[in-house]
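Student: Residue strings, one per chain:
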Amino acid sequence: MRSLVVYDTLCYPTPEKFLEFMMGSVKQGANALEVGIPPRYAKYDGPVIRRSYRAVSKFSSNAWEVLGELGREVDVDLIALTYLEDWLGNFNELVSKLKGSGVKGLLFPDLVIDFPFDVEKIAEKVRNAGLRNVIFVTPTVPDSFIKRVSKLADLFLYYGIRPTTGVPIPVSVDALLGRVRSLVESKLIVGFGLSNLEDVRKAIKAGADGIAVGTSLIEEMERSGIEGALRLVSNLREIVDGA
Amino acid sequence: MVDDILPKYWYNIIPDLPEPLPPPRDPPDAEFSRIDLLRQLIPREVLRQQFTVERLVKIPEEVLDRYVTIGRPTPLMRASKLEERLGTPARIYFKYEGATPTGSHKINTAIPQAHFAREEGIEHVTTETGAGQWGTAVSLAASLYSMSSTIFMVRVSYEHKPMRRVIMQLYGGEVYPSPSDLTDYGKRIKSEDSTHPGSLGIAMSEALEYALKRNYRYMIGSVLDVVILHQSVIGMETMKQLETLGEEADVLVGCVGGGSNFGGLVYPFIGSKKGKRYVAAASSEVPKFSRGEYKYDFPDSAGLLPLVKMISLGKDYVPPPIYSGGLRYHGVAPSLSLLMKNGVIEGVEYGEGEVFKAAKLFMETQGIVPAPESAHAIAAVIDEALAAKARKEKKVIVFNLSGHGLLDLTNYESMMRRWKDEKSSGL
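These protein sequence lines are chains A and B, in that order. Counting in the numbering used here, the first sequence runs from 1 upward without gaps. Counting in the numbering used here, the second sequence runs from 1 upward without gaps.
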């Protein structure tokens with residue numbers, strides 16, 4: 001079965017609605033949940049996700065508890081997305097907080113790009129801490145690197161097809177997928193700027209093992225509330241299964 | 001023969017880089033997304049090529065047709081008289097991009113960018129130009145596709161190179177000195193300093209603002225990977241031409257402004273693991289190799305484009321009004337910066353005196369007046385050839401003679417006066 005990974009920023013739009021949305025997504029067929037922890041500099045996130053980070057700053061005092069509650073309530077893989085840059089000095093604090101919250105996987109969007117020669121070392125630290133790696137690569141990562149780091153992906157290799165989330169820069173999804181699919185055998189999840197349903201269909205047809213969606217869901221949440229966003233999750237599930 | 005040498009594909013080096021290329025970014029406190037803004041500035045297909053990283057990209061038939069119109073493939077020539085004068089056992093070849101009607105390599109990307117703009121129904125394009133080569137290329141490319149063009153020319157070049165302006169106008173471009181009164185950014189710079197000489201970064205900001213406000217499209221002359229992708233036609237042709245001659249390049253040399261003529265020649269060689277060394281030559285008056293920092297910086301002074309990680313002297317750097325305007329840019333293309341940081345490409349810098357001496361020797365021996373920018377490459381080639389002589393090495397040196405200097409005669413005249421004691425034959 002192909003995977004649908006649903007993203008939301010931790011506590012967005014409010015802690016209660018975040019939980020309602022994430023738990024609802026599992027009911028609508030999400031195979032994994034990806035939770036964004038607001039960074040100091042969201043360098044690879046687009047305007048929508050950046051806005052959500054700003055919006056949740058007021059909930060930061062009990063954010064970890066909210067994550068813990070989600071961890072207790074769902075039985076799918078819970079993946080934290082956070083920038084390595086923010087945790088270089090307190091890596092142990094991060095992993096203990098995540099483990100305490102029931103998080104299974106860890107994704108650093110800046111790992112391969114900003115710390116290309118430390119990927120093995122960091123991936124090892126993540127494993128030693130009892131968490132599993134999701135490795136994030138982009139089209140600007142050279143073939144030799146994609147091959148190498150794909151072997152470190154425990155849960156899946158996350159392929160971000162656009163330079164930033166949620167900005168519909170024109171790209172050829174099939175050409176991009178064709179390149180990475182020929183390089184790796186790992187489970188390949190595509191996201192980071194899948195901007196419309198057509199993109200999703202193309203990604204699946206071109207060999208993706210699943211998709212990750214965030215910006216579109218947050219936009220839908222802003223337009224038509226949690227219910228609307230959950231309807232979109234359900235639509236995405238159908239497309240992923242039927243594409 | 002043309003069919004054999006003119007490639008069907010452009011080459012993109014990104015999949016073959018030694019480490020991941022840091023992607024463009026929006027600044028931390030961004031009120032708007034500059035990455036998103038690109039969609040309003042750059043033709044859709046150009047953006048698609050920039051962000052769809054594929055090793056080989058098919059060149060559209062219409063573009064190939066216009067490449068033939070402007071005289072591609074350009075000749076690969078042997079500088080045998082220069083070799084003789086230097087007494088070097090090295091064999092020196094140069095790819096002569098000055099043989100195109102606009103006199104430089106710039107037309108190689110102006111044509112596809114104009115093609116893609118026209119394809120989506122755009123009727124007017126804008127750009128900036130320093131020395132004038134890029135503006136000339138855009139003026140012609142726009143006309144080849146029946147579009148209008150507006151060119152912001154760095155004021156100091158506008159004043160010193162009136163013939164460049166005339167050529168752009170003959171090709172159909174409207175040319176304005178930058179900073180100008182046509183944009184808010186230009187007006188602001190002028191209000192701070194009414195005699196501001198301008199810079200490529202400022203002219204670029206003006207061209208971007210002008211395009212944005214009128215729904216025109218902006219043509220990008222260097223720095224972005226897609227430009228070097230188009231310029232790879234130079235290196236792809238050169239590889240085939242060397243093969244025909246039964247030669248293999250040992251050292252490849254080019255000058256660097258933003259990096260597109262250098263990358264255009266050299267990247268296909270790096271990608272196919274041909275050539276042993278790659279030497280990039282810049283101006284010591286704009287010392288980006290020796291003083292530049294590898295950091296995220298804006299490609300334009302106003303900060304309308306996304307941040308890119310590159311070797312840079314800083315977006316607000318105002319270069320001295322040197323003779324080779326094309327090398328005045330504050331940054332180096334991200335992929336080239338990364339390859340230099342990794343030691344794959346060596347950087348050298350030459351001052352005006354050395355460059356003039358090299359240009360003069362090349363004129364006397366080969367008869368071609370090189371663009372002063374390209375003469376930086378010649379200076380590096382001469383050093384390589386003399387080193388080969390000292391070591392009795394029969395190596396093959398290939399360089400990009402990226403443009404001719406027939407429109408730089410005022411500059412050469414001034415250099416002749418200032419460097420009259422420099423005897424080229426003293427080498």
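Check before you lean on any hint, since a few could be wrong.
Just a few of them, taken from the derived set where beta-carbon distance is under 8 Å, the chain A residues facing chain B [unchecked claim]:
1) Ile113
2) Asp143
3) Arg237
4) Ile239
5) Gly242
Calculated from the structure, these hints are not laboratory results. Quick caveat, the model's predicted, so the values are computed rather than measured. Glycine included, every Cβ here is placed at the ideal spot set by N, Cα and C.
Student: What hint numbers does the structure not satisfy?
Tutor: 3, 4, 5
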